[in-house]
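**Q** What follows is each chain in one-letter form.
There are 2 protein chains.
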Amino acid sequence: MKVIIVGGVAGGASCAARLRRLDEKAEILMVERGPYVSYANCGLPYHVGGVIEQESSLLVFTAQMFRAMFAIDARTNTEAISISPKKKTVDLRNATTGEVTTEKYDKLVLSPGAAPIRPPLTGIDLPGIFSVRTVPDAKVIREWIERGSSDLPEERTSAAFQTLEKPKHAVVVGGGYIGLEMAENLVHRGLEVTIVEMLDQVMAPLDPECAHLVERYLEKNGVRLALSDAVAGFKQTAGGSLEVFTKSGKSHPADIVILAIGVRPETSLAKAAGLEIGQRGGIRVDEQMRTSDPNIFAVGDAVEVKDFVTGEWSLIPLAGPANRQGRIAADVIAGRDSKFRGTQGTSVLGIFGATVAMTGANEKLLTRLGQKDFEKVYIFPNSHAGYYPGAKTIVLKVIFRKSDGRLLGAQALGLDGVEKRIDALAMAIQMGATVYDLEEAELCYAPQFGSAKDPVNFAGMVPANVLRGDMPLCHWNSVDGGFLLDVRNPPELAVESVPGAVNIPLPELRARLGELPRDREINIICRSAGRAYFATRILMQNGFKARIISGGMLSRSMLVPK
Amino acid sequence: MKVIIVGGVAGGASCAARLRRLDEKAEILMVERGPYVSYANCGLPYHVGGVIEQESSLLVFTAQMFRAMFAIDARTNTEAISISPKKKTVDLRNATTGEVTTEKYDKLVLSPGAAPIRPPLTGIDLPGIFSVRTVPDAKVIREWIERGSSDLPEERTSAAFQTLEKPKHAVVVGGGYIGLEMAENLVHRGLEVTIVEMLDQVMAPLDPECAHLVERYLEKNGVRLALSDAVAGFKQTAGGSLEVFTKSGKSHPADIVILAIGVRPETSLAKAAGLEIGQRGGIRVDEQMRTSDPNIFAVGDAVEVKDFVTGEWSLIPLAGPANRQGRIAADVIAGRDSKFRGTQGTSVLGIFGATVAMTGANEKLLTRLGQKDFEKVYIFPNSHAGYYPGAKTIVLKVIFRKSDGRLLGAQALGLDGVEKRIDALAMAIQMGATVYDLEEAELCYAPQFGSAKDPVNFAGMVPANVLRGDMPLCHWNSVDGGFLLDVRNPPELAVESVPGAVNIPLPELRARLGELPRDREINIICRSAGRAYFATRILMQNGFKARIISGGMLSRSMLVPK
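So the protein lines, in turn, are chains A and B.
Residues 381 to 942 (our numbering) make up the first sequence, in order.
Residues 381 to 942 (our numbering) make up the second sequence, in order.
Hints are not guaranteed to be accurate.
Since the list gives no way to pick out one identical chain from another, each pair is judged satisfied if it fits inside one copy or across any two copies.
As the list claims (entries may be wrong) - DMTMM-like cross-link-like pairs, simulated, lysine to aspartate or glutamate; straight-line CA separation at most 25 Å:
#1 405 to 901
#2 772 to 796
#3 651 to 687
#4 925 to 403
#5 405 to 895
#6 405 to 717
#7 651 to 692
#8 405 to 471
#9 466 to 711
#10 925 to 711
Treat the hints as calculated values from the structure; they're not laboratory data.
Generate coordinates for the entire structure from the input sequences, incorporating the hints supplied.
**A** In structure tokens, the structure reads:
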């Protein structure tokens, strides 16, 4: 059996290595267009930033290692230029020699990845405008940033770089994961960074009120944001630097521009071969990673996958799923009955010391799908026991099904313990857990690590209180005119208070029930909703119509425009 | 309805607060023997160590807060001295006045906790020997440590402390969680610490080969260990310090002794009231936390609970389960149908910057129960992507059922990312996950947080490889005379090698199969078992009998005595 694998990173490399383990006799040819296989593309922004100093650190496995350890014919600088599904052949072009050869296959695996979107804008090809996809991309960006530095190796200072000034201003086009990681790394390199983003928020997989916290944090760290604006074109100035023009008519100076608008599945080869393409623009595969041609498999960023939570087809260009898909394709080619279960979009971003992580469905997506059977809560637990030094607040949005309590998704932000909670919640979603299960979760507790009631427990208890009817709730953007009761203590109100809210501190509430209306919904506020919950219980059991405002004052800044 | 709650910490306090939320009209009386309710006893060692500087930080809720916020009659310094289940009364003694009153109840909740074991040894009552259970305990230990310090407040320097020298030597009796936490905090205070432990290992819930790693780490951090030895008695020296004598005939000088031998459920009140006590010595309750008397509930460290994984009755004196049990007792008293699901023993220890965490069943327990349907693997993944600076090795032992792949337990140690993986695995165990589920887990990946194949994925993939028959395995302590093949590279062997092992580096293996025996089991070694797995696949497919030695050289130091 001869298997050809097109693409030697993440999914392709995983597939090749797994297939060799399962089938010692198979002839395996893995071709990669670029100069490296199995490199760490998730590390590229950090290589640009100098956090990962050596380029060699990014090269997890080399083609030579694939040959030596796995007896795999791994060819770099080799591009698959066409497929003939009928003849079961692939035409390969050697990028160095230009030579084209035709190779026969029994099974073909496509792992071409996704290419950075590069819109046909005026000036898009000017020097100083870069994408970040490959190791060579990172290399040229590093060189561009380091030009004019006095501590450069001689071969670089002696070149054209010598005549240029060290870059000061950067524009990052796109506020997604790579855009934000690049922004941070460019700031670390001493550049002034502006992010231009077409949407009204950064990090599209986050709901906007969570993204807005990220935006404020970016600004606090010196990143300028130009949201709801798109790049119209680029122009070179007399001094050799760039000017970035936007549709709104603004312009931003830039000595370097990073294009991080997003990625598009590389489907040209698959399309030309007549393989089915899905409605989201990725290669359509079944749960065994088989394309519409039974002898051709596809994995990684180029394929559409089923969203595990919503059942929708989606594009999830992440390394974890790509690796798992590669393994599954290898299993199936080797005659095993493995199936890909879909993806739940678990992802994480580190940014200026903070962590943003999420898993499962977000509210935007559920709303777009017309789903109504869900509710959300905002909670603000400590990363570990408050009595132990260094605890940080985690912002946690939990989305769950109203009818059965099933956990649907979670988004979290903070300075400590964030991705740990999302990992536990990701495992919960994978296993079909409900918020009632989260209530009973037994996680690590010592005061420097967590709390006797972990944030994950709270992510169950608060929704369960809602579903059991113990704690009706509303949200700041749906309060709609009820009575507002603030149960905080007066010193807290002095810092920030809500116009029109009546203040009765919780300890006085039982004695002052007579001051509250019996004919109106009472919306209860405290700092984060703990005391509001106690107050709601008191009022409900005394015959009032009462509900908390989820997240209290802490969610107010997220949901109420200033 | 009148409910009396005996014990105002963890379980009792949770029960009281929850009951008030569910029943605004109930009369709730909560009595606590000590001076404080709802204090953070898990923080006590860190208060002694000065990490938590203020005693007030430990007081999460005060009796006054219980009265003001929850309308709960919370009485400190009040001990329940007897129960009459027939009359439904409790006799309470005010520790300050000595006055005894009798209170009627409709429902009674016992949350007396567990008391530090204080064996009747010679000299046990000498000054300088302390247990660590309450806030006052921590206070006297702090004062004892700080005596002779020049920076003490005047009222203390002027007292008897003035005549004593600053303590130099400490003996901690018991190498469990509290013993180790106290040892660390005493080292931070500048003391030389010796731990005397009766067992041949510290941290009894760990399997011994994992505990031995903790022991070496303790020694590296200056803690002296006296294992397999028990204290025989204490003697005061002429200079006023102590001498700790052990059964083996040794003696250890000590200016302070911490008794951390373990805890014993406080069952005297329950026993006197005729309540059923389980075979492990805790109060027996049903899954609704009801004792053998339908009007009396018990929660927390004093009760026996069902081990979620093994189904065995066990004593799990942890804050998380205690809090959940308190909530459940309150639910049931308020007429709800809540049930405690049992506990899985998830726990964590921070020690000199390292983390040790575990969940589920350990091998010792399964072996003691006579179970044979399980296997284990040792893996050594990086805490995050190796190409990003700062990745640390995690030592991870995974125990799973052979017949169906069910995850049974996990133990992990390391300097980074340890409890995060145990939390994900704890959630997996709770939801009945198999190692096949772990293979497909979708967790947070960016290079500073994890890997595309997270340690949790490896915790599934490696066992799944074993169960699918792709990777037969054995362990260092069960190799029993097969052929030993080391597939590492010669420079690695120069550092450490296994006597009698034949070396064929993995890249040369396919060409040198003729050097291997076809009639013997070939046990394959590499650093951590990755290359050994590849080699096993090559050999198996070439007709050899081959298996890896789980964990390779990295597990060897755990399992092979020096």
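**Q** A separate judgement is required for each hint: does it hold in the structure or not?
**A** Hint check:
Taking CA atoms no more than 25 Å apart as the test, residue 405 paired with residue 901 passes between copies only; the shortest distance there is 22 Å, against 73 Å inside one copy. Proximity of residue 772 to residue 796 under the C-alpha cut-off of 25 Å is found in both arrangements, the shortest distances being 6 Å within a copy and 18 Å between copies. Taking the closest pair of Cα atoms, residue 651 and residue 687 come within 25 Å of each other only inside a single copy of the chain (23 Å); across copies the shortest separation is 56 Å, beyond that limit. For the identical chains of this complex, residue 925 and residue 403 are inter-copy neighbours only, at 17 Å across copies versus 67 Å inside a copy, given an alpha-carbon limit of 25 Å.
For the identical chains of this complex, residue 405 and residue 895 are inter-copy neighbours only, at 20 Å across copies versus 83 Å inside a copy, given an alpha-carbon limit of 25 Å. For the identical chains of this complex, residue 405 and residue 717 are intra-copy neighbours only, at 20 Å inside a copy versus 60 Å across copies, given an alpha-carbon limit of 25 Å. Taking the closest pair of Cα atoms, residue 651 and residue 692 come within 25 Å of each other only inside a single copy of the chain (22 Å); across copies the shortest separation is 59 Å, beyond that limit. Taking the shortest alpha-carbon separations for residue 405 and residue 471, only the intra-copy value of 23 Å comes in at or below 25 Å, while the best inter-copy value is 81 Å.
In this assembly of identical chains, the alpha carbons of residue 466 and residue 711 lie at most 25 Å apart only when taken from the same copy (24 Å versus 67 Å across copies). Taking the shortest alpha-carbon separations for residue 925 and residue 711, only the inter-copy value of 22 Å comes in at or below 25 Å, while the best intra-copy value is 58 Å.
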